[in-house]
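> Take the given structure of chain D and dock chain V to it, following the hints.
Here is how the chains run, residue by residue.
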Amino acid sequence: MRKKGELRVALVGAGMIRFGELFEQSFDDMVVEAYRDCLNSVDKGIDEDEIEAAWLGTCQGSLLRREIVAGFTLSEPLGLLLKPVTRVENACCSGSDAIRNAAFAVAAGIYETVLVVGAEKMRDVPTRASLVANRGITSHLWMHPRGATAPQVFGQNVTAHMAKFGTKREHFAKVAVKNHLYGSMNEKSALKFEVTLEQVLNAPLVSWPLGLFDCCPTTDGAAAVILTTEENAKRYTDNPVFLVGTGISADVFGSFWKKSFTNWPATQQAAKEAYKMAGITPKDIDVAELHDCFSSTELITYEDVGFCEQGKAGPWIDSGGPYLEGEIPCNLSGGLKSKGHPVGATGVAQAHEIFNQLRGKKGKTQLKNPRYGLTHNLGGTGSVANVNIYGL
Amino acid sequence: MTGVGILGYGSYIPSYRIRFKDIRNAWPQAGSMPGIQEKAVADFDEDVVTMGVEAAEKALAMSELKEDQVDALFMGTTSSPFAEKSVAVIVQTILGLPKEALVYDLNSSCRSGSLAIRSAIDYVRSNNESKALVVIADNRLPTMATPPETSLGAAAVSFVVGAVKDNKVLCEIDGWASVSNEHPTRWRESGSNYLRFHEDPRIERDNFFDCVKKISGDLLKQGNYSKEDINYIVSSQMDGRAAGQVSKDTGLKNPSDSNILNNLVTQIGDAGSCAAYLNLIALLDGAQPGERGIVVSYGVAAGCDGFTFKLTDALVEARKKQTRTLEDLLNDKQYLDYVAFAKRMGYLEVAPILPDPNSGYPSQPNMKREMEEILSLKAQLCSKCGSINFPKRHYCIDCRGTEFTTIKLPRKAKIVTFNIQHVLAISPEEPPVVVGTAKIIGATGERGGHVSAAMITCDADKVKVGTEVELILRVCGEELGIPKYGYKFKPCFANGGE
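Chain order of the listed sequences is D and V. If you read the first sequence in the working numbering, its first letter stands for residue 1, the second for the next number, and so on. If you read the second sequence in the working numbering, its first letter stands for residue 1, the second for the next number, and so on.
Derived from the structure by calculation, the hints contain no laboratory data. One thing to keep in mind: the hints can contain errors.
[To be verified] With a straight-line cut-off of 35 Å between C-alpha atoms, the simulated DSBU-like cross-links for lysine-lysine are: (1) Lys392(V) x Lys272(D); (2) Lys312(D) x Lys408(V); (3) Lys259(D) x Lys439(V); (4) Lys272(D) x Lys168(D); (5) Lys312(D) x Lys234(D); (6) Lys259(D) x Lys392(V); (7) Lys234(D) x Lys259(D); (8) Lys259(D) x Lys464(V); (9) Lys164(D) x Lys234(D).
[Said to hold, decoys possible] Sample of chain V residues facing chain D (criterion: CB under 7 Å; computed from the structure): (10) Met345; (11) Glu349; (12) Ile397; (13) Cys399; (14) Thr402; (15) Val416; (16) Thr417; (17) Gln421; (18) His422; (19) Val423; (20) Val435; (21) Thr444; (22) Arg447; (23) Ser452.
Ideal placement from N, C-alpha and C gives every residue a C-beta, glycine not left out.
Pulled out of the complex, with its shape left as it was, chain D reads as follows (with noise of 0.2 Å):
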């Protein structure tokens, strides 16, 4: 018998569109391939009649101003007519989220297998309208400046962190570089090109003290994973991937409310929580997928998830800690840096990439036997937060 706060749900198939600006795609053009990609990961097969009920993470209606995006936005491209089909929004953790809540209802035995797709279209809209250049659709012209876009109340964190901590440009540069080193072996990858430090720290400033490279593209994606219980995923496969352990919080949106400037408390507690449930510490985890939507934002969640103490990211990085070789890789998929962050598509293809490299299947990036993987997002302003853990 499954005791209060333990979790573990099979993933037995994950499968994701290469992320970009997909202007031949359609959302649903994007899902469809997604969902098929999915469905050929599954080992030993799988008859699609038995996916009894499905998650949808996006933002599109925010970010694009769709109106009605909801569980049919799903079912109609995917034939999967009069299924239960729940929509997920929760800015950047909405992929995460959607992973989280489907495999509550797997744990809770209410539906044995299920699928989730991530999905966003960001490049329909031109550049300047874009969460880079623009203010953020729930920011209020009143209270925040026409300025406060993505980067700028991203941003604000990392000149904090500069301030308090003594953390230079070159030291989040140094992410941008690492995950475009990793994002160029992925194919999957939108940005496949490496960049050097100079590149980095000599490109146009979007958000002082973040460069153009230190921001994460804009692009179109899809991704989806297939979860079921323990017992059922060997119908599916020898080598499942299990779900332990999984945290959200969700805090302050406003600049002016936050507790803190040189962390996120958000990522702290979701982390705590997953790490509890999973009953693992940070030392235990192998490999993770942080969420660098601007570099330095993964630079100060090294902090948040405890891989190394409050100040020390840049110490770490210096070190070597996040790299391949180093004591806890971060972003081996090339990280939203590289790969791209298509909003509601990037936690389900955070839990791909941890699908594969549990399952020893990243090629030049791949591992020596890990045992435990993280995904991490943070949205809103860093408002809301998710981390999920899984194991063997």
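Then chain V, alone, in the frame of chain D:
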């Protein structure tokens, strides 16, 4: 002999009509174009593309040509929705013609229709075996309360053009004549939607009849025809008297005299580029194989083009394929009153629905609700923990207390963190702009007592964590024409900064 002819034809007329008397009731002294009882009006959802495609589908169906067998498309219109952008390519895409097809837009005058036909003839002559599609559509908008308001109508025609040696040709094009004539009696200047008109219609009429007479004379001479060889003449018609006058001037027969539909201007108005060809289509529907005719199309302030043609035996079978003839379109009509007509001409404009879906601002009530407290800096002081909450909340941000006293937010603060924005949404502000969060000096709460704002124009490099700022009232933006007042930070560099 051109060796080229028509393989199929089609037309489209919107079903709305406005009666001359309804326009005259609205503008009793505006003058009118004689003999026009009513005219066709495009609805809000009809334009030269939708009308042209309707006509083209009929022409393709009659010619039994598949979309991928069309080698070229020539689109003539004076009323494109774009000053720059091809509508021919839109029509090509909608019809599913090959991407490799040669596609032209012909614009600028009502000769665009005849020039589209001429382009198709030349194309087929120089590319043996090829098939060209001609689409001509017009929806010219008149200036309100001018005579053309009673005459300009909307319609479209289309022809499939191919070589005569293909024995499916139903109308052989024999000879061609053109004359150009600079004559500024109607025009539409750049940036305007509405056609202007020289107040004295005599000038235009004289020019029109001179041109038609010259073209028909040239065509007779060219083909060595006597007047008796030509069974009919059809043309553009600026008003209801034109057809009769053309016949009189040229000595050629008016199809109406043989009970064949002509003088369409009286029913649908002057359809510009396609006007002459609507009358040609009426003739194709009613005349007999072996008969010859002349069609002359007139473009005001541009000139005239005409051609002689001979109807073949193929016409009889071809026209039977039509599911809706021109006559059907003429009879399918509903009448608008003047107000409904004026809306469709764009004379009456409606303000956009609020909130503007592009503004990003949720709603006007939201703006009203927050105006007072934000602008007057009404803050709440928590009675339990003493934290300043701004703007107002139900639960204290620091202790969840629910009792507050209202205070005026102190205006002096110190920067806690900031960024320098080099990329901004399109706005009048010039980057870089400092945007940040500051703590009110003396505020005690952990989360409370913060304000986020942009800084007024200043030397961004001098801003530091700890810089003292003052909240000052500025216009922080504008939306839907409403200035958005709010507070910005004014730095006081003498005080503070780490």
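> Now tell me, hint by hint, if it's right for this structure.
Hint check:
1. A distance of roughly 31 Å separates the Cα atoms of Lys392(V) and Lys272(D); the hinted pair therefore holds under the 35 Å criterion.
2. At most 35 Å may separate the alpha-carbon atoms for a hinted pair to count; Lys312(D) and Lys408(V) exceed this at roughly 40 Å.
3. A C-alpha spacing of about 11 Å is found between Lys259(D) and Lys439(V), which places the hinted pair at or below 35 Å, so the restraint holds.
4. Between the alpha carbons of Lys272(D) and Lys168(D) the distance comes to roughly 28 Å, so the proposed pair stays at or under 35 Å and holds.
5. Under the criterion of a C-alpha separation no larger than 35 Å, the hint pairing Lys312(D) with Lys234(D) is inconsistent with the structure, at around 43 Å.
6. Between the alpha carbons of Lys259(D) and Lys392(V) the distance comes to roughly 17 Å, so the proposed pair stays at or under 35 Å and holds.
7. Proximity of Lys234(D) to Lys259(D) is assessed by CA-CA distance (about 46 Å); at most 35 Å being required, the pair is judged violated.
8. Of the pairs offered as hints, the one joining Lys259(D) and Lys464(V) holds, with about 20 Å between alpha carbons and a cut-off of 35 Å not exceeded.
9. For the suggested pair Lys164(D) and Lys234(D), the alpha carbons sit about 51 Å apart, so the restraint of at most 35 Å is broken.
10. Contact between Met345(V) and chain D, as hinted, is not supported at the beta carbon level, the nearest pair being about 31 Å apart and thus beyond 7 Å.
11. Evaluation of the Glu349(V) hint against chain D yields a violated restraint, the C-beta minimum of about 24 Å exceeding 7 Å.
12. Interface hint at Ile397(V): satisfied, since its Cβ lies 5 Å from the closest Cβ of chain D, which is below the 7 Å cut-off.
13. For Cys399(V), the interface hint is violated, since its Cβ never comes within 7 Å of a Cβ in chain D; the closest pair sits about 13 Å apart.
14. Interface restraint check for Thr402(V): the shortest CB-CB distance to chain D comes to about 17 Å, outside 7 Å, so the restraint is violated.
15. Because the beta carbon of Val416(V) sits about 6 Å from the nearest beta carbon in chain D, less than 7 Å, this interface hint is met.
16. For the restraint placing Thr417(V) at the interface with chain D, the shortest Cβ-Cβ distance is roughly 4 Å, inside the 7 Å limit, so the hint holds.
17. Residue-level restraint check for Gln421(V) holds (minimum Cβ-Cβ distance to chain D is 4 Å; threshold 7 Å).
18. With a cut of 7 Å, the hint placing His422(V) at the interface with chain D holds, because the nearest CB-to-CB distance is about 4 Å.
19. Proximity of Val423(V) to chain D holds as hinted, the smallest CB-CB distance being about 5 Å (cut-off 7 Å).
20. Interface hint status for Val435(V): upheld, as the beta-carbon distance to the closest one in chain D is roughly 4 Å, under 7 Å.
21. Interface hint status for Thr444(V): violated, as the beta-carbon distance to the closest one in chain D is roughly 14 Å, over 7 Å.
22. A cut of 7 Å between beta carbons decides the hint on Arg447(V): the least distance to chain D is about 5 Å, and the hint holds.
23. Given the 7 Å rule on beta carbons, the hint for Ser452(V) holds: about 4 Å separates it from the nearest Cβ of chain D.
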